[in-house]
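Sequence order for the protein chains is Z and V.
Taking my numbering, the leading residue of the first sequence gets 112, the next gets one more, and so forth.
Taking my numbering, the leading residue of the second sequence gets 5, the next gets one more, and so forth.
Worth flagging that the hints you see were computed from the coordinates, not collected in a lab.
Don't be surprised by glycine CBs; every beta carbon is placed ideally from N, CA and C.
Be aware that one or more of the hints could be misleading.
[As the list claims (entries may be wrong)] If you want the ones that stay clear, here's a sample from chain Z, every Cβ over 12 Å from chain V, calculated:
1. 250
2. 312
3. 354
[As the list claims (entries may be wrong)] With a straight-line Cα cutoff of 25 Å, these simulated BS3-like cross-link-like pairs (lysine-lysine) come out:
4. Z:623 x Z:638
5. Z:554 x V:33
6. V:33 x V:84
7. V:84 x V:72
8. Z:627 x V:33
9. Z:558 x V:72
10. V:109 x Z:623
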Amino acid sequence: MDKVPTTVFLRTTSGLVKSAGAADVFVYNIGVISIGIGVSLTHLTGPANYPGGSIPIASAIATLLMFFIALAFWFWSVAIPRSGGLYAYVTRGLNPALGFALSFVDAFAWLFYNALAATYITSIGFGPLLFNIGVFSNDAGLVRLAQEIVQPVPQFIIGTVAVVLAGILLITGMRKFFLFQKILFLIALIGIITSILFLFVRSNGEFVANFNTAMAPYIPNAYDTVIEAAKTKGWRFSGFNWEDTVKLAVWPILPLVGGIFSIAIGGEIREVKKSQGIGILGSIIVAGIVFVLVGHLSYRVFGTEFQGAVAFNSTADPTKSTPITPFFPLLAGILAGNVVGSVLISLGFLAWAYFWIPATLVYAERAVLAWSLDRLTPASFGYVSERFHTPVVAIVVTVILNIAFLYLFLFIPFFSTLTLVLAAMLAWTITMVAGILFPFRAKELYKRSGASGLDFQGFPLMSVANFLGLISVLILTYLLWNDPLAAGHSPQSLLTIGSVFGFGFAFFYIMKQRRKRQGIDIALAFKEIPVE
Amino acid sequence: MILAKTGLTKIFFATDIHGSEVCFRKVVKAASFYGVDVVVLGGDLTGKMIIPITRLREGGYQFYFRGKDITLRTEEEVNKYQDEMKRLGFYIHIFSPEEGAALRKGEEQIANLFRKLMIERLEEWLLYAERETKQVACEFYFMPGNDDGYFIDDVIANSKSFLNVDRSVRTIHGGYEMLSIGYSNSTPWHTPREKSEAEIGKDLNFLISQVSMMDRCVFNIHVPPFNSGLDEAPALDEELRVIYGPGGVSTRPVGSTAVRGAIESYQPLLGLFGHIHESRGCRKINRTFCINPGSVYFEGKLRGCIIALKDGKVANWQLVEG
């Protein structure tokens with residue numbers, strides 16, 4: 112056979128480049144995963160409430176489930192490389208009204224969880240930071256301050272400042288945001304590496320000694336007392352069992368959900384297949400490995416029984432627990448045994464906690480912007496600042512909503528017990544079903560997309576990935592539905608989700624009618640021009 | 005002149021289709037699909053890449069496409085790929101290994117081949133447009149952009165359906181006026197149609213002097229106004245490599261200061277722009293509503309916008325992707 116050079120001829124013309132690369136996407140996603148929040152929540156709730164569960168095994172299960180969900184979203188991001196996340200997917204791939212309603216409920220749910228993240232600034236970040244500095248420098252004032260700032264009013268004030276600062280950052284532009292994310296990532300990375308190093312080099316005996324010293328002003332012989340007190344109150348360490356381990360998997364999987372958030376900025380990513388692949392799948396795998404590793408090491412150093420007991424006591428008998436909630440960075444800081452080590456760890460976890468806030472605002476803001484460009488919201492929502500070239504109104508709207516949710520969460524009991532994660536599961540379930548059907552329902556669109564290049568023997572792997580994703584989402588939904596601690600299915604939560612979803616639908620049709628009167632057919636934004 | 009004072013004038017505007025056959029067809033079909041009175045296709049009609057397909061001596065064909073070397077046995081199989089390539093805006097040329105070797109030796113031969121293929125495709129498009137627009141009550145306008153060689157002017161001058169409006173002021177449906185300029189300011193690529201800001205300013209002043217009612221005038225200018233947010237492009241170094249900062253790709257406004265100055269001074273009703281594919285959006289500069297629908301021609305999707313003008317005002321607008 113002839114050997115011919117295979118190349119193409121290019122002429123010099125003006126070019127097109129999209130802004131975010133693989134590293135940006137990876138950092139963005141791992142920021143929303145927030146390894147720090149994931150570790151903190153899993154270690155606080157896991158051993159206390161699922162005594163037979165194994166954090167490393169549960170983390171591995173969570174990573175596997177989330178991997179399949181992520182794979183489905185990766186296919187979507189390649190098939191429809193647009194900003195706006197599942198709004199772009201479902202409106203283009205299935206049905207515009209359904210797409211809007213799902214996007215509405217999805218953005219609502221994540222903004223609500225962003226309010227929760229704003230409280231972590233104090234409970235996972237500043238609280239342990241001040242407490243550990245106070246303990247190791249014998250400054251009782253700092254310890255008292257640590258206890259005070261985790262109260263609702265300071266949490267609201269600090270959380271509001273954090274959200275407003277995130278909004279200001281986003282207004283100044285995506286480049287500054289990505290730069291900020293990278294700096295935060297560095298600080299967060301130092302924090303988690305420092306934690307892992309201390310977990311590696313320190314023994315259980317050293318932790319017990321450090322803990323007893325730190326807690327001496329509050330509980331004599333604290334380590335053993337904490338365990339005994341928990342047992343007295345009915346908590347039991349029952350040894351490993353699979354049922355508790357599977358149940359526990361919802362806790363590491365909740366932060367892993369953040370690994371798919373780059374679907375919100377899909378239109379701003381270059382080399383989508385590669386960048387989203389590394390960003391989505393890579394961030395989930397890396398975070399999963401860290402969860403497994405930290406889980407394994409912390410059992411060895413803190414002690415499985417102690418972790419469960421100290422967390423259990425924090426609600427059942429607070430006088431027999433740490434003065435502030437015993438989140439992982441507090442225990443890791445005590446393990447470090449010195450100011451420098453505990454500050455590095457706490458700053459790292461503060462960075463992890465803050466990571467979530469601007470990134471989730473971006474997720475919601477991009478959805479609002481996409482609605483506006485399709486004329487589903489007032490034109491002002493799509494207003495872009497001439498100075499910064501950013502959608503200022505969309506950002507301000509999401510910031511205000513976030514602060515409102517923070518207030519409701521902290522001060523109104525109805526909202527503090529609300530769990531909206533099932534709303535996201537509903538949105539994902541429908542997106543996965545749409546993903547299975549997409550190569551068959553939107554044949555032309557699919558054929559022209561990068562996703563069709565991944566077909567196996569002519570069969571669309573996008574459908575296979577979405578099927579696997581659907582199974583994973585259904586398993587996760589089952590676990591969440593039956594776990595009152597992680598989600599449950601309280602009437603007020605289901606009613607809120609249904610109301611928001613219904614409002615989304617109603618809003619779509621109201622706007623459609625309104626635009627029709629103005630001479631705009633919203634449906635045109637989603638229709639392909641037939642050429643044959 | 006009769007002004008449609010109470011009627012609605014609907015304009016569909018798309019731009020930067022860069023040789024994509026399916027996008028051109030969509031532009032033609034947009035008139036009836038969107039029910040508009042005027043279709044305007046902004047600049048950059050011609051494509052950027054030729055895919056050479058080598059006809060092998062022992063039979064079969066070989067070419068490079070989407071990052072892969074592809075070998076096919078029959079012409080039928082090749083045709084399937086050709087449709088996809090045309091859709092994406094690529095030109096195709098089939099030749100023997102000897103012809104290929106000769107062609108690769110000189111830039112001039114490649115330039116001539118580009119010229120030949122561009123002309124052929126434009127001619128095909130115009131025939132298609134003529135056939136498809138006969139029964140359509142709509143005005144069709146187009147113009148070349150900075151990436152289009154001047155040689156295409158002769159080809160598009162023969163169009164019976166689309167009117168080349170480059171460097172002119174025309175009265176369009178509804179009694180509105182449309183001022184059009186297809187070239188751009190200087191680019192790092194030194195593309196065929198570029199002018200200095202001073203020259204653009206001079207041409208603009210000349211054309212503006214022909215506009216009778218600026219408050220009913222549409223500026224159809226390929227290059228967007230400077231620092232309008234419709235002109236954000238990646239910053240490049242001296243070797244035309246994208247500059248990456250710690251926050252990702254560095255971008256900068258690359259629009260025309262002369263165009264911005266003209267808009268600020270004269271405040272026309274509407275500004276239709278293109279050139280910067282990734283700067284899709286709309287802005288207001290004083291009273292002028294400015295829009296750049298962007299372009300994703302390489303996906304075979306046509307990005308455009310529908311603008312409804314009523315009583316000398318922008319009554320409504322909608323970005324579409326069809």
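Consistency of the hints with the structure:
At the 12 Å boundary, the C-beta of residue 250 (chain Z) stays outside the reach of chain V, the nearest C-beta of that chain being 36 Å off. No Cβ of chain V approaches the Cβ of residue 312 (chain Z) within 12 Å, the least distance being about 32 Å, so the stated non-interface status holds. Interface exclusion of residue 354 (chain Z) from chain V stands, the closest Cβ pair being 45 Å apart, more than 12 Å. Our distance criterion of 25 Å between C-alpha atoms is met by residue 623 (chain Z) and residue 638 (chain Z), whose separation comes to about 15 Å.
A C-alpha spacing of about 20 Å is found between residue 554 (chain Z) and residue 33 (chain V), which places the hinted pair at or below 25 Å, so the restraint holds. Restraint check for residue 33 (chain V) and residue 84 (chain V): satisfied, since their Cα atoms lie roughly 23 Å apart, inside the 25 Å limit. Simply put, residue 84 (chain V) and residue 72 (chain V) have alpha-carbon atoms about 16 Å apart, close enough for the 25 Å limit, and the pair holds. Distance check on the hinted pair: residue 627 (chain Z) and residue 33 (chain V) sit about 22 Å apart at the alpha-carbon level, within 25 Å; holds.
The straight-line distance between the Cα atoms of residue 558 (chain Z) and residue 72 (chain V) is roughly 18 Å, inside the 25 Å bound, and the hint therefore holds. Among the hinted pairs, residue 109 (chain V) with residue 623 (chain Z) is inconsistent with the structure: their alpha-carbon atoms are about 58 Å apart, more than 25 Å.
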